Amino acid sequence: MNRQTWFRRLALFFGFAFLYVPILSMIVYSFNNSRLVTVWDTKDSPTLKWYRELLSNDQILNAAWLSIQVAAVTATIAVVLGTLAGLVLARFGPFKGRTLLSGMTTAPLVMPEVITGLSLLLLFVFLEQLIGWPKGRGFATIAIAHITFAMAYVTVVVQSRLASFDDSLEEAALDLGARPAKVFFRITLPLILPAILSGWLLAFTLSWDDLVISQFVAGPGSTTLPMVVFSKVRLGVSPDINALATIMVSIVGLGVVISALYMRRQERRLALEMQLAKSDN
Amino acid sequence: MAHSPVRQRQKQPIDSWGAGRLGLIFSLLYRYGPPRWSQYVRKHWSGQRLVIGLPYLWLIMFFAVPFIIVLKLSFSTVRLAMPPFAPLIEKVSEVAYTLNLNLGNYAFLLSDALYVNSYLYSVKVAAFSTVFCLLIGYPMSYAIARATPTMRSIWLMLVILPFWTSFLLRVYAWVGLLKTDGLINQVMGLVGLGPFTMMYTDFSVYIGIVYSYLPFMILPLYSNLEKHDLTLLEASADLGAGPIKSFLRITLPLSIPGMIAGSLLVFIPAVGEYVIPSLLGRSDQLMIGRVLSDEFFSNRDWPVASAVSIAMLLLLVVPIVLFQRFQNRELAGAKT
Numbered sequence: 000m001n002r003q004t005w006f007r008r009l010a011l012f013f014g015f016a017f018l019y020v021p022i023l024s025m026i027v028y029s030f031n032n033s034r035l036v037t038v039w040d041t042k043d044s045p046t047l048k049w050y051r052e053l054l055s056n057d058q059i060l061n062a063a064w065l066s067i068q069v070a071a072v073t074a075t076i077a078v079v080l081g082t083l084a085g086l087v088l089a090r091f092g093p094f095k096g097r098t099l100l101s102g103m104t105t106a107p108l109v110m111p112e113v114i115t116g117l118s119l120l121l122l123f124v125f126l127e128q129l130i131g132w133p134k135g136r137g138f139a140t141i142a143i144a145h146i147t148f149a150m151a152y153v154t155v156v157v158q159s160r161l162a163s164f165d166d167s168l169e170e171a172a173l174d175l176g177a178r179p180a181k182v183f184f185r186i187t188l189p190l191i192l193p194a195i196l197s198g199w200l201l202a203f204t205l206s207w208d209d210l211v212i213s214q215f216v217a218g219p220g221s222t223t224l225p226m227v228v229f230s231k232v233r234l235g236v237s238p239d240i241n242a243l244a245t246i247m248v249s250i251v252g253l254g255v256v257i258s259a260l261y262m263r264r265q266e267r268r269l270a271l272e273m274q275l276a277k278s279d280n
Numbered sequence: 000m001a002h003s004p005v006r007q008r009q010k011q012p013i014d015s016w017g018a019g020r021l022g023l024i025f026s027l028l029y030r031y032g033p034p035r036w037s038q039y040v041r042k043h044w045s046g047q048r049l050v051i052g053l054p055y056l057w058l059i060m061f062f063a064v065p066f067i068i069v070l071k072l073s074f075s076t077v078r079l080a081m082p083p084f085a086p087l088i089e090k091v092s093e094v095a096y097t098l099n100l101n102l103g104n105y106a107f108l109l110s111d112a113l114y115v116n117s118y119l120y121s122v123k124v125a126a127f128s129t130v131f132c133l134l135i136g137y138p139m140s141y142a143i144a145r146a147t148p149t150m151r152s153i154w155l156m157l158v159i160l161p162f163w164t165s166f167l168l169r170v171y172a173w174v175g176l177l178k179t180d181g182l183i184n185q186v187m188g189l190v191g192l193g194p195f196t197m198m199y200t201d202f203s204v205y206i207g208i209v210y211s212y213l214p215f216m217i218l219p220l221y222s223n224l225e226k227h228d229l230t231l232l233e234a235s236a237d238l239g240a241g242p243i244k245s246f247l248r249i250t251l252p253l254s255i256p257g258m259i260a261g262s263l264l265v266f267i268p269a270v271g272e273y274v275i276p277s278l279l280g281r282s283d284q285l286m287i288g289r290v291l292s293d294e295f296f297s298n299r300d301w302p303v304a305s306a307v308s309i310a311m312l313l314l315l316v317v318p319i320v321l322f323q324r325f326q327n328r329e330l331a332g333a334k335t
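Top line first, the protein sequences correspond to chains A and B. Number 10 in numbering that gives the first Met the number 0 belongs to position 11 of the first sequence; there are no gaps in the numbering. Number 39 in numbering that gives the first Met the number 0 belongs to position 40 of the second sequence; there are no gaps in the numbering.
Hints listed in this document are in silico derivations from the structure and should not be mistaken for laboratory results. Just to be clear, a hint being listed does not mean it is correct.
To be verified - With a Cα cut of at most 30 Å, we get these calculated DSS-like pairs of lysine-lysine:
(1) A:LYS277 with B:LYS123
(2) A:LYS181 with A:LYS95
(3) A:LYS231 with A:LYS48
(4) B:LYS226 with B:LYS244
(5) B:LYS71 with A:LYS95
(6) A:LYS134 with A:LYS48
(7) B:LYS71 with A:LYS134
All values derive from a computational prediction rather than experimental measurement.
All chains, please: the whole structure from these sequences, using the hints.
Right, dumping it as structure tokens:
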């Protein structure tokens, strides 16, 4: 056991402790009976009291339902637009306005959220004055705002997936007389399906998690889950938020493990198919 | 290079279809039959236009146009009405227009110490957080890149996993840890240290930003470190260099692109950070994201809020352009 190995182990140990201790502390304290988050009530803990309180809180449940709907709509539309943009950037070669398109797809990745939120709100206000749409702000405006920044992430994921293999299969299909649309659905789409799936999940998570942009473009009647959580947390520590965090971490953990297993199977199948295709020649 | 015969045979009908420029009607007359959609589409590639057009239109409408509106508003004058600003070009009579170009918002930003202060403070916080991220992220990325392939994918998954859980809740978790009667002070109390005041200080903001953005530092660094040619290190060991010298002379210089990419990914969003300073930060010193949001929601001064965002973008334009160039090079390089 040399010094370098020990150094690496220490780096991993402390790094992952830093990443996971806060999450673990929330999970542990979600079973704490005491309202004071920092005091562990040894007599009545562990308890599911905060979970019961959380699940009977209509404000949180309604906000969560709205967030799920917005996230599902966002992810679906963002995946369509992002896949098209990724395809254009990776496969269509140079065309007029390509630089502008690639700029507009990478800029939202690093654009400060407050600026994106402010600019979209101003757009909606102007549009309402000009053409009377959108009437007020709510579901549609939140979804449009989320799609705009989520599609940038999908574009990058799809584009880098497309860049990882060359277009010889697509070219072969075109040579054999398939129409571009058919080539896309029969060749390209199956190849980038893992990227599209992870793009959808990414877009869903980004939308589900977004606070700042939603705060700008949401109307009085539409409060998303992060907005409720933020206003609760700002007033002080509330233990039912720990319960919420535990539920979310469990779902995400399960989802990530399942999707990682799925991706690995998909990758292997792809590698196998490519090998078979090569050995056929 | 010779094309396959299949391809040449395919090409001919398309080329002789040059008359198709006149469009669908011509094809009707020419063929005496139902229009051949497939050939029409192939010739004109209207599908291609649709494919380019859809995302393009969306981004123009919801990314470029809003940005132009912000730019325009930042030169407007505030007034008590709805919307709360004067139009840039105002009709004063049938024939006369006035141009209300107002540079006052920018002059105001420069003259008021609050704004200059928050800009400098935001840059300072973002810079320090980036350095801390690098200091924690580099050893981790290095250790992950040198692990066995199976362990590598497990470690990477563990790095990404917190990123998929709610950002807001992860920041909130630190409130319980950092409070004066929080977990860290309790543990320190056991060995007779503290209590330390950690909440609502610069320290708690650094912790929050480093914690939230660490995956953005680790991932580009890892993908750089993983590609290194390890025979270079063997060669340098053969030539008598110790591990530290080899690291400083070979690994570190080679990893500079990864360090730059990771740092930009942390620094740029950290400057405009809103949630972390709101939950963990000082109340006597605001970051610029908070100033913008207060200006807009509390003061209802839309022109000044717009000027604040344009000024913030000017500050970030160099790092953003750097990042874009890096991103494009990465995506182009992925092919080889």
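Quiz item: Which of the numbered hints above does this structure break?
Solution: Hints 1 and 6 not satisfied by this model.
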